[in-house]
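> Positions in the sequence shown are counted from 1; adding 56 to them yields our numbering.
Since the hints were made in silico from the structure, they are not lab data. Note that the structure is a prediction, hence the values are computed from the model and not measured. There's no promise every hint is true.
Said to hold, decoys possible - Mimicking DSSO-like on lysine-lysine, the simulated pairs with C-alpha atoms at most 30 angstroms apart in a straight line are: (1) 342 x 332; (2) 328 x 282; (3) 265 x 342; (4) 332 x 252.
Said to hold, decoys possible - Pairwise CB distance ranges (calculated): (5) 231 x 483: 22 to 30 angstroms; (6) 494 x 360: 56 to 64 angstroms; (7) 75 x 104: 21 to 29 angstroms.
A virtual CB, placed ideally from N, CA and C, is assigned to each residue, including glycine.
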Amino acid sequence: FAIGRTSHISIAMTNNYGDIQDLYVETVDPERPGHYLEGKVSYPFQVIEEKLKIKDKGAPGGYREEEIKIRTTKRGPVVSEVLKGLETDKVLTLRWAPVESMGESIGLVQFLTAKSVNEMHKALEDYPMLCLNWVFADTSGNIGYRASDYPYYYSSHFSPTYRYKRVTELLNSPGSKSVDDNWQYQRDEKNLLAEKIAPVMARALMAHKNTEEMGKILAGWDFMDKPDLVAPTIFQATYLAFARLVFEDELGNKTTNTLLDDWYFWQERLDKMVLKGSSEWFDNVKTGEKVETVNDLFHQAALKASARLSAKLGKDPHDWAWGKVHTLELVSPIRRNGFGKELLGSGPMPMGGSGETLYRGLFDPNDPFSVTISASLRMVADMADEDKVAAILPGGVTGRLFSPHQKDQVQSFMDGSKMYWWLSDKAIAEHTEHTLRLNPYH
Numbered sequence: 057f058a059i060g061r062t063s064h065i066s067i068a069m070t071n072n073y074g075d076i077q078d079l080y081v082e083t084v085d086p087e088r089p090g091h092y093l094e095g096k097v098s099y100p101f102q103v104i105e106e107k108l109k110i111k112d113k114g115a116p117g118g119y120r121e122e123e124i125k126i127r128t129t130k131r132g133p134v135v136s137e138v139l140k141g142l143e144t145d146k147v148l149t150l151r152w153a154p155v156e157s158m159g160e161s162i163g164l165v166q167f168l169t170a171k172s173v174n175e176m177h178k179a180l181e182d183y184p185m186l187c188l189n190w191v192f193a194d195t196s197g198n199i200g201y202r203a204s205d206y207p208y209y210y211s212s213h214f215s216p217t218y219r220y221k222r223v224t225e226l227l228n229s230p231g232s233k234s235v236d237d238n239w240q241y242q243r244d245e246k247n248l249l250a251e252k253i254a255p256v257m258a259r260a261l262m263a264h265k266n267t268e269e270m271g272k273i274l275a276g277w278d279f280m281d282k283p284d285l286v287a288p289t290i291f292q293a294t295y296l297a298f299a300r301l302v303f304e305d306e307l308g309n310k311t312t313n314t315l316l317d318d319w320y321f322w323q324e325r326l327d328k329m330v331l332k333g334s335s336e337w338f339d340n341v342k343t344g345e346k347v348e349t350v351n352d353l354f355h356q357a358a359l360k361a362s363a364r365l366s367a368k369l370g371k372d373p374h375d376w377a378w379g380k381v382h383t384l385e386l387v388s389p390i391r392r393n394g395f396g397k398e399l400l401g402s403g404p405m406p407m408g409g410s411g412e413t414l415y416r417g418l419f420d421p422n423d424p425f426s427v428t429i430s431a432s433l434r435m436v437a438d439m440a441d442e443d444k445v446a447a448i449l450p451g452g453v454t455g456r457l458f459s460p461h462q463k464d465q466v467q468s469f470m471d472g473s474k475m476y477w478w479l480s481d482k483a484i485a486e487h488t489e490h491t492l493r494l495n496p497y498h
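Take the sequences, apply the hints, and build the full model.
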């Protein structure tokens with residue numbers, strides 16, 4: 057989750073979901089306390105002692121020291137004692153692949169000093185983090201990508217493909233692509249999930265008088281998640297209620313909540329079932345001989361969505377604008393709730409997009425629709441422009457409370473404006489407004 061530009065190359069990095077960690081169930085030696093078994097051989101747990109500084113207003117200097125003891129095996133540290141929500145009495149250890157090949161440096165210096173795509177490729181050869189995607193380009197017009205052509209299995213847990221496919225559509229459209237084009241792509245609100253599923257949903261809803269109007273709104277939708285439209289609200293609310301109806305009768309409330317929270321696992325699988333038109337999951341196992349269909353569940357889901365939205369926004373579906381429920385709020389960690397929260401943060405602000413659009417506005421499926429994940433930076437680097445990059449932050453360039461620059465980019469971030477970060481010494485000198493000099497203390 058990083059992006060940057062030097063005088064020679066630009067770099068972008070994100071997760072590729074590589075499977076680089078494993079949990080092992082250890083067999084504790086019942087006859088020798090403090091030992092574990094490898095087959096029939098008993099080995100002692102190694103114990104590492106660490107001192108942690110804990111913030112404490114009542115302690116001298118504002119911190120107190122606490123000592124912890126970490127048991128380890130050949131595979132790694134025992135983590136079962138500290139993992140929250142782990143309901144087991146077994147001893148689990150964590151094995152992390154990168155640490156087994158990691159040297160004194162993880163290679164970041166080499167990335168910053170690379171002058172070409174080839175040098176960046178070479179720097180990545182010694183980088184131990186398999187779980188990352190790297191895209192990079194140089195001033196000669198070369199483009200590089202890792203982890204392309206990896207020959208072995210590394211995961212089966214991937215992000216849904218809607219945003220990737222939308223990027224492909226835009227980049228493959230006719231004509232050359234400018235900095236402005238690439239900037240606007242980051243605010244693209246086309247929802248390819250809705251493009252597939254909303255027509256099926258609309259037909260199911262129009263078949264019933266009590267959801268007919270909701271269905272008509274969906275049928276006339278262009279699948280853009282714009283904040284002033286009501287179709288995105290109807291679609292997202294109905295879709296989530298539908299997913300819960302599909303799974304909850306078999307899995308129960310608690311497991312369904314856990315499943316819905318991991319949309320990477322279920323979302324495209326559910327979409328395939330909808331487009332196929334049939335699945336054993338659609339039948340409610342609690343209704344006896346009646347066998348529910350996908351259309352039955354869409355209708356039931358729409359009624360649930362309508363009740364929820366009516367309680368919040370009124371009974372007229374035409375008042376359910378997406379931006380009324382789908383909002384972005386920037387919150388200071390110092391004051392997340394209560395008096396003063398608005399002073400230190402920004403919002404809530406109506407926001408377009410969704411979890412399926414390039415203009416990302418992801419929300420918790422179990423607590424919709426406030427945005428929990430969005431871009432922490434927008435940036436476009438033109439490798440033919442040595443003076444600047446286009447960029448914007450959702451807040452400002454400083455986290456200092458009450459600084460005039462703490463929140464001065466919020467409005468530009470929300471309305472799609474771009475600013476420039478000056479890169480060359482010449483451009484920096486031409487646009488410098490203030491200079492801060494840090495002198496050594498004598």
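> Could you run down the list of hints and mark each one as holding or not?
Here is how each hint holds up against the structure:
1. Proposed proximity of residue 342 and residue 332 is supported: the alpha carbons are some 23 angstroms apart, at most 30 angstroms.
2. Proximity of residue 328 to residue 282 is assessed by CA-CA distance (about 26 angstroms); at most 30 angstroms being required, the pair is judged to hold.
3. Taken as a hint, the residue 265 and residue 342 pair is honoured in the structure, with Cα atoms around 26 angstroms apart against an allowance of 30 angstroms.
4. Between residue 332 and residue 252, the direct Cα distance comes to roughly 12 angstroms. Compliance with the 30 angstroms bound is thereby established for this hinted pair.
5. A beta carbon spacing of about 29 angstroms between residue 231 and residue 483 agrees with the range 22 to 30 angstroms that was offered as a hint.
6. Checked against the hint of 56 to 64 angstroms, the C-beta distance between residue 494 and residue 360 comes to roughly 59 angstroms, which is consistent with it.
7. For the hinted restraint 21 to 29 angstroms between residue 75 and residue 104, the CB-CB distance of approximately 26 angstroms keeps it satisfied.
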